[in-house]
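Chemist: Sequence:
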Amino acid sequence: MAVTLTPSTVPVTPARPVRDRHHRGVSRWVVLALVTLGALVMLVPFAFMLLNAFKSPGDYSSGGPLSWPTEFYTKGLRTYWTEVNFPLKFWNSAVIAGSVAVLGVAVSLLNAYALGIGRVRGRLWIVGLFLLANMLPQEALIYPLYYVAKQVGLYNTQLSVIIIFTVIQSAFGTYLLASVMGTFPRSLLEAAALDGAGKWTVLWRVVFPNLRPTLAVLLIFFFIWTWNEFLIPLVMLIDNQTQTIPVALASLQGDRLMDAPTTNAGALISLVPAILFFLIFQRTLARGITAGAEK
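With the first letter of the sequence shown counted as 1, position 83 gets the number 83 in full-length UniProt numbering; the numbers rise by one all the way through.
Simulated from the structure, these hints should not be mistaken for laboratory data.
For clarity, every value in this text was computed on a predicted model and none was experimentally measured.
Label-pair distances were calculated between CB atoms; the ranges are: (1) Ile238 - Asp195: 53 to 59 Å; (2) Phe48 - Gly182: 44 to 50 Å; (3) Arg121 - Val95: 34 to 40 Å; (4) Met42 - Ala250: 19 to 25 Å; (5) Ala39 - Leu189: 41 to 47 Å; (6) Val148 - Gly122: 23 to 29 Å; (7) Phe278 - Thr82: 26 to 32 Å.
Ideal placement from N, C-alpha and C gives every residue a C-beta, glycine not left out.
With the sequences and hints as input, model every part of the structure.
Modeler: Below you can see the structure in the form of structure tokens.
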């Protein structure tokens with residue numbers, strides 16, 4: 001027997017109250033306040049650097065690092081720009097960091113493709129080896145790297161630093177991408193194989209498009225990490241024509257004309273390119289992280 005449901009007999013599910021996103025709980029506001037406070041604390045050293053970059057040596061000597069400058073002093077910026085030949089150092093850093101970022105991502109992608117999808121024997125041991133490589137301090141590697149560079153004739157060349165940091169950065173990239181590719185949908189790979197796609201076709205037509213956001217994040221991280229490196233470039237690049245910005249900034253500490261305002265001015269100029277690079281690719285970084293979270 002058919003049962004006819006009238007409006008009075010149809011069960012009605014009570015609608016959930018719509019919660020205004022502007023009226024959050026107390027705990028969320030507390031977390032937001034703590035995060036904001038932490039961000040402000042992290043900005044304090046940068047504020048001091050900006051303050052002292054435009055302070056004259058006389059103001060710094062009389063008032064200290066916390067005093068407000070009595071004049072807008074720009075000689076420190078000009079001194080750093082000319083003394084270290086900043087345009088040349090900027091070019092050296094950009095070439096090294098850019099080359100390492102591109103090569104590191106490429107090597108990481110190929111290694112991870114072999115480990116995560118190619119299913120190489122002993123995959124877990126190899127991935128664990130890459131993880132251990134990330135834990136090695138640079139101080140433990142510097143002498144072997146110096147000795148090998150001397151023997152092969154690459155000492156005091158930018159190519160030596162590019163090769164070293166490509167290997168170092170790709171160790172982390174391989175570990176990360178191999179873990180991601182280990183969870184790659186097998187059905188997608190099998191469908192590509194049924195269509196006659198080879199290994200290279202699968203890599204560039206199937207795997208690469210899906211991992212593009214993650215690769216973009218690695219590219220940004222590799223560039224910034226390499227840009228800020230100091231110890232290995234300090235040891236491997238002894239010629240003024242090959243040095244990077246961090247090494248050039250440290251080389252002024254032994255100069256008789258060196259003072260605190262010039263140091264802060266140099267640090268400010270050296271920091272600006274990395275900040276601009278991050279701001280330009282900020283949306284790419286956010287999309288890459290969001291895409292990885294959604295997957």
